[in-house]
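One letter stands for each residue in the lines below.
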Amino acid sequence: KAGVTQTPRYLIKTRGQQVTLSCSPISGHRSVSWYQQTPGQGLQFLFEYFSETQRNKGNFPGRFSGRQFSNSRSEMNVSTLELGDSALYLCASRAGEAYNEQFFGPGTRLTVL
Amino acid sequence: AQSVTQPDIHITVSEGASLELRCNYSYGATPYLFWYVQSPGQGLQLLLKYFSGDTLVQGIKGFEAEFKRSQSSFNLRKPSVHWSDAAEYFCAVGAPGTSYGKLTFGQGTILTVHP
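Chains A and B, in that order, give the protein sequences. Here the first sequence is numbered in the working numbering, starting from 3 and rising by one per residue. Here the second sequence is numbered in the working numbering, starting from 30 and rising by one per residue.
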């Protein structure tokens, strides 16, 4: 089975722009969670989508948004980019509704100049 | 709200030595506990998990962890470290219920292995 894939792997943007990151979960997985990883704040939960519905949202401003499609693929969008948004963005998928482990993708490295 | 503390930011061991990485959590009930490993520029790989039952859990790559409720700890151990174990290790906690998809991570412990 193919793992979680994220595109693009690297991205450079300038302040004020917006960006869209994509995540394809493991086949059959219905949940996708997004995390931001920075040296200062570590790994922080952004949001989770399950069957196209946002289930949970972390403590991030409204500039961070996401969605999930009927094929479980997910996108996250960051508008009006700030320097502090530079980070590794990780997505993770899990199989079902009950509790089980999350499988992480390789991440998208976003640099904001 | 749950939280996770990894007291050691950086640990250095010699190849072949034993290893213990500490993890303390804060949560009102029994949480779901995980250890992940991250190599530079990579995503996170699950080493092991604890949901319930036997408090000593075995994982991949020869790692094990022990859940101690009285100490709110979930320390990761390996009897003999290999150079390829050099990476960053994260302890994480999840809460049952509607927060299934949300993990709270510790700050991570960087492991350096000397030959």
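Quick caveat, the hints were computed from the structure, so don't treat them as lab data. None of these values were measured; they are calculated from a predicted model. Ideal Cβ positions, reconstructed from N, Cα and C, are used throughout, including at glycine. There could be a bad hint or two in this list.
Just some of the chain B residues that point at chain A, by a computed CB distance under 8 Å [as the list claims (entries may be wrong)]:
{"id": "1", "residue": "LEU73"}
{"id": "2", "residue": "LEU75"}
{"id": "3", "residue": "LYS78"}
{"id": "4", "residue": "HIS111"}
{"id": "5", "residue": "TRP112"}
{"id": "6", "residue": "LEU132"}
Output the numbers, in ascending order, of every earlier hint that fails for this structure.
4, 5
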